[in-house]
Amino acid sequence: MTHWIIAPVILPALLAPFIVLAARYHIGIQRAFSVAGVLALIVIAAALAWHVSDGSVLLYQLGDWAAPFGIVLVGDRLSTLMVLLTSVLALFVLLYAIGSGWDDRGWHFHALFQFQLMGILGAFLTGDLFNLFVFFEVLLIASYGLMIHAGGNARLRAGVQYVLFNLIGSTLFLFALGSIYAETGTLNMADLAGRVRLIGPEETVGIRVAAVLLLLVFAIKAAVVPLHFWLPSSYAEAPAPVAALFAIMTKVGAYAIIRVYTMVFPPDLEVTSGLHDLWLLPAALISLAIGMTGVLAAKKLDRLVAFSIIGSMGMVMVAISLFSPAGIAAALYYMVHSTLAGAALFLISDLVRTGRADLELTPQPPIAGTALTAGLFFTGAIAMAGLPPLSGFLGKLLVLDAAFDADLVVWIWVVVLSFSLISIIGFARAGSVVFWKAHGLEPSNVAASGVRPTTLSYVAVGGLFSLLIAHTVFAGQVHAYTTTMAAQLFEPRAYISTVIETQGKLSKPKEDN
Amino acid sequence: MEMLVASAIGIMTAGGIYLVLRLRTFPVILGISLLTYAVNVFLFASGRLTIGAPPVLRDSMSSYTDPLPQALVLTAIVISFGMTAVVVMIGLGAFLGSNDDHVDDQPTGLEDQAEGKS
Chain A
2 MTHWIIAPVI LPALLAPFIV LAARYHIGIQ RAFSVAGVLA LIVIAAALAW
52 HVSDGSVLLY QLGDWAAPFG IVLVGDRLST LMVLLTSVLA LFVLLYAIGS
102 GWDDRGWHFH ALFQFQLMGI LGAFLTGDLF NLFVFFEVLL IASYGLMIHA
152 GGNARLRAGV QYVLFNLIGS TLFLFALGSI YAETGTLNMA DLAGRVRLIG
202 PEETVGIRVA AVLLLLVFAI KAAVVPLHFW LPSSYAEAPA PVAALFAIMT
252 KVGAYAIIRV YTMVFPPDLE VTSGLHDLWL LPAALISLAI GMTGVLAAKK
302 LDRLVAFSII GSMGMVMVAI SLFSPAGIAA ALYYMVHSTL AGAALFLISD
352 LVRTGRADLE LTPQPPIAGT ALTAGLFFTG AIAMAGLPPL SGFLGKLLVL
402 DAAFDADLVV WIWVVVLSFS LISIIGFARA GSVVFWKAHG LEPSNVAASG
452 VRPTTLSYVA VGGLFSLLIA HTVFAGQVHA YTTTMAAQLF EPRAYISTVI
502 ETQGKLSKPK EDN
Chain B
9 MEMLVASAIG IMTAGGIYLV LRLRTFPVIL GISLLTYAVN VFLFASGRLT
59 IGAPPVLRDS MSSYTDPLPQ ALVLTAIVIS FGMTAVVVMI GLGAFLGSND
109 DHVDDQPTGL EDQAEGKS
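In order, the protein sequences belong to chains A and B. Adding 1 to a residue's 1-based position in the first sequence gives its number in our numbering. Adding 8 to a residue's 1-based position in the second sequence gives its number in our numbering.
In case anyone wonders, no lab produced these hints; they're calculated from the structure. No experiment lies behind these values; they were computed from the predicted model shown. The beta-carbon is built from N, C-alpha and C at its ideal position, and this holds for glycine as well. Treat the hints with care, as some may be off.
[Stated by the list, open to error] Quick look at which bits of chain B chain A covers, simulated, 3 or more residues with Cβ under 8 Å:
id : segment
1  : 33-44
2  : 61-69
3  : 95-105
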């Protein structure tokens, strides 16, 4: 049993208190330890991903207690990929926060950042539903602090909405867990997968309620319409690096849906039939439509990016709710792309804010460094709207291709293509108003607000773009890998047997089996 | 016994949802507290209600109550307690800053329509 798999949880958990206790007044030391921690995380995550890329499943039994009794951490292809994606994203977000000085505008940015990472990484690695709830709470409570970092009335008001909405979501999660435990007597995902199948056809009322409640909870996290209302205000008002990190938080919801609804409630299960194709797919299509319409309707740049996040989550959820291996593979490819593109766009909107009074989509005098910023925005918009040559286009093609066998194929094609057009118009309008029309104005007070963003800020955004380009160039390899990932998800026997049959304390001796 | 616990959960949930829909910070926080009480009792009952039985294994006892929901509910209580404290602080900060305790966005700002009706 390797201990490395718990390192992504332990390392931030130790770094955060260290930063609070030992380096409270020294922003330089905080920055150094934070960056070093994230770099170490990337190395560990890459090693873990490499280790499980042959299809094996890593298991870590905490305290050596055997699976249904103790808590387990499980690493397979999907969870290690998400861990790697999170830590790489965290590095560039952290570089931007340092470069733009956001981390110095309030207290404890780095400590909260590390706790946030601990929650996200733990949620990806855990193999236990209640533990998933606990890690959700860890990432949420850190995100409450990060969300209102640097204060301000508008931010606090948006923070209240965000916290209250998520508290209600957490309560719903507990109701779902209570009903699952009452029906099956276990909360370990691998154990649940076996027990849910044993429930007789007459006794499915409780487990049906539990499955729907759990889907609602994850849909809140993934901002699926009509449960998306928390997202636009909070992402737009949050400090830009925080919003960029939050780009991975919606994916935690998507990850949880993929994990639970391929293993515990698989699509062929009688109990939850109709949940995926009848409810989730239309909801995903509507979120795609509403998100992309929001891109066109937004009056501020940060809100535009927030709505584009909803739209891209809609695209991910469309691909997920197909619940076919091709659909999940496309969803995973698009998910990586949408995380990187969304984070980059949030950082770019902050680059714009550096030179302007506000982010209203009105013509204002040109900002300092406008050519470079405009170029970056152009690239980000191409990526997010899904135009060639970047990975958004390839991801969308994969989703459309996977949708061929679905019943609603016409609807999927129509909605995806027409609302992509709307988002292109939205991005083009925003870009031309912010960057192009600026040159028609008298450059009267440019000197007053002519603060150039630092080089490190540009490096962080450029790093995210280089990842996007790599994601496009190596699309064949990445998609081949996500296809093997989807195959592993739809054939969960290796996962289940690794979790259940590995010996530990309290497990039955071998000869009894 | 089952009737008593079930109706307690039901009444607390109903009251909690009513208060959450009031859209002012104070009633909403009270409503969420009621909801967390309800879910705590619900979690506690999810291991079946057993009267007068210990949750710890001993040699002389033959009937037990399920110990796991008690551990779960303890975690849930601690988390909801902490979260309520956080939301009270943030809500207080927002109220003192803008002298307004509406949870939803007010239609004064041009851009703030339509979102955030939590």
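Taking the hints in turn, this is what the structure says about them:
no. : hint   : in the structure
1   : 33-44  : holds (count 6)
2   : 61-69  : violated (count 0)
3   : 95-105 : holds (count 6)
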